[in-house]
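Chain V is already provided as a structure; the job is to place chain A on it using the hints.
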Amino acid sequence: MKKKKLIIAGAVILIVAVIAGFCVKPVKQFFADRKAAQKTGFYMDTVVTADITGENCGETADAVFNAIQVLEEFCLSKTAEGSDIYELNEKGKYEVTDSTLGILEKSLEVCKKSGGALDIGIGKLVDLWNVKNRQTPPSQEETNALRGSRYEGISVEANDVTLKDGVKIDLGAVGKGAACDSARDICALSGVKRAVISVGGSILLYGDGEFTVGIASPETGSADYIAVLTTGAGFVSTSGTYERFFDYEGKRYHHILDPETGYPVDNGLCSVTVVSDSGILSDALSTSCFVLGLEDGMKLCEEYGCQAVFITDDGKIYTTDGIRDSLEISDDSFSFAD
Amino acid sequence: MKIGLIKKADIFIIAGVVLICVLGIILLRSGDSGKLTAVITVDGEVYESVDLSKVDSPYEITTPTVPRTVIAVEKNAVYFRSSECENQLCVKSGKLDRGGETAVCLPAKVVVTVRAQRNVDAVTY
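As they're listed, the protein sequences go chains V and A. Position 268 of the first sequence, counting from 1, maps to 268 under the numbering used here, and the rest follow consecutively. Every number in the numbering used here is 1000 more than the matching position in the second sequence, counting from 1.
Chain V with its partners taken away, still in its complex shape:
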């Protein structure tokens, strides 16, 4: 009788132990999934924020920030001595790293496809407008003098990049998106569950399920949003007139330049948001579409299979067909155009 009881007790303990054994992993996972890290930093002349959940979230946030810093300092920066773009702009010919090469090639593709609406070769024009504390626009003579310097003056052969026609490269329109691409690679390697990373308003959404992204108010930028986009994993980028600007004689001069005129784009748009499965593409297209305007911008997005939201100065919102139902307007002074 006693023996029987012992056997039963032993069996019960064994079963419990086996069940517990099977539970360890899911229980560990349960707690790991609930770990969260938030981090803020300053790179690429803007704010970078990371909001990551899952195992190794803290280490992943650190790795993402390091990667963005490396991308800036060794590849894309126009001002950091020793970076690929700095050296290329100084010397006119330079052998760039593979990272920089990939970003240049993708950018040049969009430059071509957008008919020059995106132009990474107008570094001198960008510098002319970016003079510190500028409160008056440059003269027509000054901008005209830089007209011949366009992306067509950039040629790439293997890793050797050559600049002609006085071209200087500026990757301001694609760098933040490229940084989001690097961030995604790191998240995928580290196995975190979910990550939302913003590089100056260009956003990586990583993980399963849905994400909500506010589209900045044209009045205040990131401090307020006028509509909410619900979307899955991917990248979201916005170009808007409110980000950097000065007012002169009742007119707003913002930072999105029309390479054709040499002046800020003035076509009735105040922001364009692009959703894509590539960070660099979402960034490049948001600028391209802003410069192209509503009609041609829509066409370019369709060509790339990306979704977009266009907001006009008079508060009308236009979207590509695939995104309309995912966008909810939260500010009464804005409405869908149709």
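Honestly, I wouldn't trust all of these hints.
What the hints assert, rightly or not - Capping the alpha-carbon separation at 25 angstroms, the derived lysine to aspartate or glutamate pairs in DMTMM-like fashion look like this:
hint : chain 1 : residue 1 : chain 2 : residue 2
1    : A       : LYS1109   : V       : GLU243
2    : A       : LYS1109   : V       : ASP127
3    : A       : LYS1109   : A       : GLU1045
4    : V       : LYS124    : V       : GLU243
5    : V       : LYS316    : V       : ASP247
6    : A       : LYS1035   : A       : GLU1060
7    : A       : LYS1092   : V       : ASP266
8    : A       : LYS1035   : V       : GLU210
9    : A       : LYS1092   : V       : GLU243
10   : A       : LYS1095   : V       : ASP314
11   : V       : LYS112    : V       : ASP165
12   : V       : LYS299    : V       : ASP332
13   : V       : LYS251    : A       : GLU1086
14   : A       : LYS1095   : A       : ASP1043
15   : V       : LYS132    : A       : GLU1086
16   : A       : LYS1109   : V       : GLU81
17   : A       : LYS1092   : V       : GLU219
18   : V       : LYS251    : V       : GLU141
19   : A       : LYS1109   : V       : GLU73
20   : A       : LYS1095   : V       : ASP266
What the hints assert, rightly or not - Derived Cβ-Cβ restraints for the label pairs, each shown as a range:
hint : chain 1 : residue 1 : chain 2 : residue 2 : range
21   : V       : ASP331    : A       : THR1062   : 30 to 36 angstroms
22   : V       : GLY232    : A       : ASP1043   : 29 to 35 angstroms
23   : A       : GLY1016   : V       : ASP331    : 45 to 51 angstroms
24   : A       : GLU1074   : V       : GLY166    : 39 to 45 angstroms
25   : A       : ALA1072   : V       : SER333    : 23 to 29 angstroms
26   : A       : SER1082   : V       : ALA80     : 30 to 36 angstroms
27   : V       : GLN29     : A       : VAL1017   : 22 to 28 angstroms
28   : A       : LEU1023   : V       : GLY102    : 52 to 58 angstroms
29   : A       : GLU1074   : V       : ASP247    : 28 to 34 angstroms
30   : V       : PRO26     : A       : LEU1106   : 42 to 48 angstroms
31   : V       : ALA9      : A       : GLY1016   : 23 to 29 angstroms
32   : A       : GLU1045   : V       : LYS316    : 38 to 44 angstroms
33   : A       : ASP1043   : V       : ASN130    : 19 to 25 angstroms
34   : A       : THR1062   : V       : ASP62     : 26 to 32 angstroms
What the hints assert, rightly or not - Going by beta-carbon spacing under 8 angstroms, a handful of chain V positions derived as facing chain A:
hint : residue
35   : THR40
36   : THR220
37   : GLY221
38   : ASP224
39   : GLY240
40   : GLU243
Keep in mind the hints are simulated off the structure, nothing from the lab. All C-beta atoms in this analysis are idealised placements derived from N, C-alpha and C, irrespective of residue type, glycine included.
Coordinates of chain A only, in the frame set by chain V:
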């Protein structure tokens, strides 16, 4: 009194445990939903974190930065009241009162973000 294998006392214990679990779940779920937290970071480090839903009377936080910024904290809202920076973009940002909203003073490296259970994951700008 016996009901099969289970004693009356057991039923009370089981009922009690179930009740505590249910109450616990309800409390955990409801506790956070209305909470609005302002997180102020200086050069990437958290400088102050404020539960905005519990602010009774408004006050100011001055950051030890160059340029210096003054952040106003109110019930369910936070904003840059003033800044010694040149462009004043942070002050022009206005009030933050929904989760996901962010205002930045780049020259001072001060970031104010509002977090909430609801609202958006991020704002694109």
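Honestly, which of those hints from before does the structure not fit?
Violated hints (numbers, rising): 12, 20 and 24; every other hint is consistent with the structure.
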